[in-house]
Amino acid sequence: MEIKFSSEALELVNKIIKRYPEGKQKSALLPVLHIAQAEFGGWLSSQTMDYVASLLKIQPVEVYEVASFYSMFNLKPVGKCLIEVCRTGPCWLLGAEDLVKYLEKKLNIKEGQTTADGMFTLKTVECLAACGTAPVVQIGEKYHENITFEKMDGILNECRATVTEPVSHWAKDKIKA
Amino acid sequence: MGKQLLLENINTQGIDTLPVYKQHGGYQALEKVLKMKPEEVVAEVQKSGLRGRGGAGFPTGMKWSFIAKPPGVPRHLVCNADESEPGTFKDRFLMQHKPHLLVEGMIISSFALGANTSYIYIRGEMLYVFHILEKAIQEAYDAGYLGKNILGSGFDLDLYVHPGGGAYICGEETALIESLEGKRGNPRIKPPFPAIAGVWGRPTVVNNVETISAVVPIINMGGDEYAKIGVGKSTGTKLISACGHINKPGVYEIELGVPVEEFIYSEAYCGGIKNGKKLKAVVAGGSSVPILPTELILKTAKGEPRLMTYESLSDGGFQTGTMLGSGGFIVMDETTSVVKNLWNFTRFYHHESCGQCSPCREGTGWMEKILHKIVEGHGTIADIDLLWDIQSKIEGKTICPLGEAASWPVASAIRHFRAEFEDYVNNPSKIKDVKHYFNTHNLQATEA
Numbered sequence: 001m002e003i004k005f006s007s008e009a010l011e012l013v014n015k016i017i018k019r020y021p022e023g024k025q026k027s028a029l030l031p032v033l034h035i036a037q038a039e040f041g042g043w044l045s046s047q048t049m050d051y052v053a054s055l056l057k058i059q060p061v062e063v064y065e066v067a068s069f070y071s072m073f074n075l076k077p078v079g080k081c082l083i084e085v086c087r088t089g090p091c092w093l094l095g096a097e098d099l100v101k102y103l104e105k106k107l108n109i110k111e112g113q114t115t116a117d118g119m120f121t122l123k124t125v126e127c128l129a130a131c132g133t134a135p136v137v138q139i140g141e142k143y144h145e146n147i148t149f150e151k152m153d154g155i156l157n158e159c160r161a162t163v164t165e166p167v168s169h170w171a172k173d174k175i176k177a
Numbered sequence: 178m179g180k181q182l183l184l185e186n187i188n189t190q191g192i193d194t195l196p197v198y199k200q201h202g203g204y205q206a207l208e209k210v211l212k213m214k215p216e217e218v219v220a221e222v223q224k225s226g227l228r229g230r231g232g233a234g235f236p237t238g239m240k241w242s243f244i245a246k247p248p249g250v251p252r253h254l255v256c257n258a259d260e261s262e263p264g265t266f267k268d269r270f271l272m273q274h275k276p277h278l279l280v281e282g283m284i285i286s287s288f289a290l291g292a293n294t295s296y297i298y299i300r301g302e303m304l305y306v307f308h309i310l311e312k313a314i315q316e317a318y319d320a321g322y323l324g325k326n327i328l329g330s331g332f333d334l335d336l337y338v339h340p341g342g343g344a345y346i347c348g349e350e351t352a353l354i355e356s357l358e359g360k361r362g363n364p365r366i367k368p369p370f371p372a373i374a375g376v377w378g379r380p381t382v383v384n385n386v387e388t389i390s391a392v393v394p395i396i397n398m399g400g401d402e403y404a405k406i407g408v409g410k411s412t413g414t415k416l417i418s419a420c421g422h423i424n425k426p427g428v429y430e431i432e433l434g435v436p437v438e439e440f441i442y443s444e445a446y447c448g449g450i451k452n453g454k455k456l457k458a459v460v461a462g463g464s465s466v467p468i469l470p471t472e473l474i475l476k477t478a479k480g481e482p483r484l485m486t487y488e489s490l491s492d493g494g495f496q497t498g499t500m501l502g503s504g505g506f507i508v509m510d511e512t513t514s515v516v517k518n519l520w521n522f523t524r525f526y527h528h529e530s531c532g533q534c535s536p537c538r539e540g541t542g543w544m545e546k547i548l549h550k551i552v553e554g555h556g557t558i559a560d561i562d563l564l565w566d567i568q569s570k571i572e573g574k575t576i577c578p579l580g581e582a583a584s585w586p587v588a589s590a591i592r593h594f595r596a597e598f599e600d601y602v603n604n605p606s607k608i609k610d611v612k613h614y615f616n617t618h619n620l621q622a623t624e625a
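In order, the protein sequence lines correspond to chains A and B.
Mapping of the first sequence onto the numbering used here: residues 1 to 177, in sequence order.
Mapping of the second sequence onto the numbering used here: residues 178 to 625, in sequence order.
The shape of chain A in the complex, shown without the other chains (with noise of 0.2 Å):
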């Protein structure tokens, strides 16, 4: 696949320069690298972050170091929808050590894992601040509180039925300069 942000993406990220001072674009970075991992298949292969590298003007080792710094940055490949439950504080008091136990045996997975079919990931994240609405699971930019197995069911399910490719953070549809 060839590494090019699509037009309007790239009108985006240049917008996005804009908005820090001159000779500053290096602050683009993590707003492009979300823009990246949407466009790219939903993570970060090296090339991917090389042209990143290439556009912001600064060595791809400034990449690698802040890519693998945060935990939103997937620098493998992942299932079309990337399951993330909390597994923190009000999360784990509520139940999301049974949520992952219940999401591992329904997918057949462990957790960082993707299904065969390449449809879900599995991952626990930190807390997500909807502490009061615990469990709480993410996919893509979408939260899904007050979890129960019934209604993961219906998430799994409607995943199935209607996303046909990867779901990032940073929504395909969303880039728009």
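I should point out that these hints are in silico values taken from the structure, not numbers from a laboratory.
Hints are supplied without guarantee of correctness; some may be wrong.
[What the hints assert, rightly or not] Not everything, but these chain A residues come out facing chain B in the computed CB check (under 10 Å): (1) Leu29; (2) Leu30; (3) Ile58; (4) Ser71; (5) Tyr143; (6) Trp170.
Glycine included, C-beta positions come from ideal geometry on N, C-alpha and C.
Once you've looked at the hints, dock chain B against the given chain A.
What follows is chain B alone, placed relative to chain A:
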């Protein structure tokens, strides 16, 4: 329920849009401010007694007064919207429902500080809130509240939302600044403080979402009137995000000074403990603050009712007290295992340590391993003493407060619940037999 300054009209349909926000008095504070001098705005905030609502509780007006003003050097206001302290979800709620309150607060605060370019650094996980804020900002630009010569005042301001990448440490102001510069979110050694050398080396003020939003009612009602709400140096209202084993979890705006007991049990707030269980412990200000057992969270060291104020919650110092912190109020019932809960929190701090300082990087992982060993029923009494020793060697020995955030929960849990730790060590089979509260579901997983 007391005065609602931030959550007023929160359930009004369309309050997230400019026309409805304006119908309910929105942007009147901005119009008032643009007729004032910046130093008058700072003075008004100082008079209000507003303290930072992100956790540290430093007086906001004083923080603003520290900003350096070297000629020809741009200044910046950065809003800390990187809310990720377990138990805390008030800022997300506020931004999602009343984005214009934050936008108006950002314009007023930027005017007071002489900043012409400001940023809202929002947690990356909250990209849907990012889009809500971007929409509100665009509406503000279209109405002439942002951009060049705002409402003919001669004041210019550009406001942008910057999405983070998911790291708790970026809630620390210098780590946030590093992250905004496109680097790993590693905290900086202070001094210099951001007010002297912040983002791109320029004078910068970093304030929390709730703090900046509170500036709007302060200007509307006047600093003196705002200061009349609350108790002593805990002035105004505060958002509390309540969660855990309570009947009514959610975000509440309280007048500072409400008794903790009333907050937990009254129908106006948390509505009591879920399923009629007894209260065991509370973490009152986000996961980083000391946990207190029932008798200490309801009463001060002097035996008086403990109040929801900065002073009352920390009454008696760290030995018995806790902190208002971020307002993340986590309630635990009698079935809660404090040891397991601590293991969960410690795992969080280990995961989120940036790794710069050895005591934090190594110590949090070490504590997590020991706690896991204890939870699994393989711990010894020596492990409890070792935990105590390790936490004491992290506290106060790191660049940023993540060291304290990781060590205080451990110290307070051992101090107040040592018997429970010893139970795990002495009766592991008993512990393993306990059907814990989190096994609440009776459903069995079905095959995919």
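These are the hints, each one checked on the structure:
{"no.": "1", "hint": "Leu29", "in the structure": "4 Å, holds"}
{"no.": "2", "hint": "Leu30", "in the structure": "5 Å, holds"}
{"no.": "3", "hint": "Ile58", "in the structure": "8 Å, holds"}
{"no.": "4", "hint": "Ser71", "in the structure": "4 Å, holds"}
{"no.": "5", "hint": "Tyr143", "in the structure": "7 Å, holds"}
{"no.": "6", "hint": "Trp170", "in the structure": "6 Å, holds"}
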